[in-house]
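J.: Sequence:
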Amino acid sequence: MSTKNNQISTRKENYSQWYLDIIEAADLAEYGPVKGTMVIKPYGYAIWENIQSVLNAEIKATGHKNAYFPLLIPKSFFSKEASHVDGFAKECAVVTHYRLKNNQKGEIVVDESAKLEEELIIRPTSETIINHSFSQWISSWRDLPVLINQWANVLRWEMRTRPFLRTSEFLWQEGHTAHATEKEAEIEAQKMLNVYQNFVRDFLAMSVVSGKKSESEKFAGAIYTYTLEAMMQDGKSLQLATSHQLGQNFAKAFDIQFVDKENKKQYVWQTSWGMSTRSIGGLIMTHSDDHGLVLPPKIAPIQVVVVPILKGDTNDKKILKLVKKIQSVLKLKDRLEIDDRENLSMGMKFNIWEKKGVPIRIELGAKELEQNVVVLARRDTKEKKIVDIDNLAKVVKDTLVDIQTNLLHKAEQHRLKNTKSVDNWDDFKKAIENGYFVLAHWSGDPKVEEIIKKETGATIRCLPFDAKIENGTCVYSQKPSTQRALFAKTY
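For what it's worth, our numbering labels the leading residue of the sequence shown as 62, then goes sequentially.
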């Protein structure tokens with residue numbers, strides 16, 4: 062990631078470079094020393110901490126408890142559920158030895174005598190190791206439901222990586238639950254998708270389509286997968302969160318049985334669900350502009366930055382005293398920043414905070430001091446207005462709410478404007494090429510799904526929950542269809 066002369070590429074000229082430039086200009090992350098990894102810098106991690114804080118509270122409010130499970134998983138665990146290992150086999154990092162040594166040349170090498178009896182997998186996801194624990198925890202209907210959430214890092218050996226969107230190592234939360242009945246598991250899977258949907262809308266100000274994944278796109282080992290798909294500014298889809306109905310696949314693989322109320326042995330029904338640091342990539346590509354990052358106030362690490370305009374004269378002390386009063390009145394605690402650095406010009410300061418996406422900037426100099434006002438600048442619209450200091454607390458509060466609402470409205474309008482229903486193959490190809498979300502009939506044939514992917518680069522993102530049942534013909538095969546699927550190119 063490297064911006065030229067600290068300039069951000071425009072979305073129109075190079076969308077991919079624009080995305081990388083935003084990350085560098087806002088000081089969110091940088092590449093790690095191992096290919097495919099990233100260092101999340103303090104400002105970027107502060108966004109993740111805010112996501113964690115809100116989402117963790119929402120997850121706990123639904124009755125789940127946090128736990129932590131080992132990073133290393135015995136290879137034999139993966140062989141117990143065939144479809145699961147097939148889905149992750151090509152992405153697994155394997156630990157084969159447990160010691161290094163110095164050779165005769167003084168080089169550090171692997172000690173061949175320290176080979177593990179059984180290779181260990183660095184977790185790509187934790188279904189297997191968590192279900193091993195569940196098999197020891199559960200024996201009676203009284204032990205159910207088990208509602209567990211884990212905040213952790215996972216490793217999936219990605220060949221093509223991009224910070225936040227797709228990295229070999231990333232951070233996430235993963236929920237894992239066990240239930241007595243299929244109905245209870247189904248309620249859980251849908252409930253958690255709704256938790257994600259509400260969070261994404263209310264805090265990230267992102268507009269999504271919720272639905273069910275096709276067989277080829279579902280999670281490896283699941284009966285079916287529910288998903289949230291968001292439209293980025295270039296028209297591509299980003300999968301923000303998933304919730305999986307696992308059925309009894311893992312229960313049978315790991316022998317997770319319980320004695321029910323009729324004293325009969327039954328296998329549990331299970332779910333898993335998660336959201337990751339990919340959501341930060343989604344935030345960037347949904348809201349940001351050619352000037353830098355744009356953040357919704359509810360998730361922004363800094364909601365207001367106050368920039369006093371100091372001239373090195375007798376007014377400076379009065380201005381700084383008023384700044385402290387403003388800090389006290391606004392009551393934003395650590396989400397308010399005062400930029401009184403002397404080694405930077407005002408223009409440089411304004412540029413820095415604009416690139417960091419701080420929702421509100423307040424400017425205050427000698428002229429404003431004399432009139433008992435401040436200049437309030439909004440990051441989302443770049444509008445400026447004069448605000449009486451006596452009314453500042455209310456104006457800031459209302460403006461933060463308005464920015465949050467405006468960003469969601471813009472995201473919703475962008476998605477709706479760029480979503481098309483099509484009924485023939487030529488229109489389908491044209492719409493995909495022009496970056497639309499495309500609603501089109503699909504017969505359910507996975508071979509057709511694969512052909513469409515090869516010919517257009519588009520995949521079925523989901524079968525939308527709100528799609529009405531209607532008779533039609535598959536956009537490619539002309540075979541009968543009863544529902545439109547959502548197709549798009551994706552990250």
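Hints in this document: simulated from the structure, not taken from any laboratory.
Even for Gly, the Cβ is constructed at its ideal location relative to N, Cα and C.
You may find that some hints are simply not true.
[What the hints assert, rightly or not] In silico BS3-like links for lysine-lysine, alpha-carbon gap of 27 angstroms or less:
id : residue 1 : residue 2
1  : LYS379    : LYS359
2  : LYS458    : LYS73
3  : LYS445    : LYS379
4  : LYS273    : LYS458
5  : LYS326    : LYS297
6  : LYS141    : LYS297
7  : LYS151    : LYS166
8  : LYS540    : LYS529
9  : LYS428    : LYS471
10 : LYS141    : LYS273
[As the list claims (entries may be wrong)] Okay, the calculated beta carbon distance ranges per label pair:
id : residue 1 : residue 2 : range
11 : HIS475    : ASN164    : 55 to 65 angstroms
12 : THR375    : HIS475    : 20 to 30 angstroms
13 : ALA143    : HIS475    : 55 to 65 angstroms
14 : TRP202    : GLU276    : 29 to 39 angstroms
J.: For each hint, tell me whether it holds in the structure or not.
T.: So, going through the hints one by one against the coordinates:
1. LYS379 - LYS359: Outside the cut-off at roughly 31 angstroms; violated.
2. LYS458 - LYS73: 34 angstroms, violated
3. LYS445 - LYS379: The given pair, whose Cα atoms are some 23 angstroms apart, holds under the 27 angstroms limit.
4. LYS273 - LYS458: 38 angstroms, violated
5. LYS326 - LYS297: At roughly 47 angstroms apart (the allowed maximum being 27 angstroms), LYS297 and LYS326 break the hint.
6. LYS141 - LYS297: 36 angstroms, violated
7. LYS151 - LYS166: Between LYS151 and LYS166 the Cα gap is close to 35 angstroms, so the pair fails against 27 angstroms, i.e. violated.
8. LYS540 - LYS529: With Cα atoms ~18 angstroms apart, LYS540 and LYS529 stay inside 27 angstroms; holds.
9. LYS428 - LYS471: 35 angstroms, violated
10. LYS141 - LYS273: 26 angstroms, holds
11. HIS475 - ASN164: 55 to 65 angstroms: For HIS475 and ASN164 the Cβ distance comes to about 58 angstroms; the hint holds.
12. THR375 - HIS475: 20 to 30 angstroms: Given a distance of about 50 angstroms, which is not inside 20 to 30 angstroms, the answer is violated.
13. ALA143 - HIS475: 55 to 65 angstroms: The hinted range 55 to 65 angstroms is violated for ALA143 and HIS475, with Cβ atoms some 41 angstroms apart.
14. TRP202 - GLU276: 29 to 39 angstroms: 32 angstroms, holds
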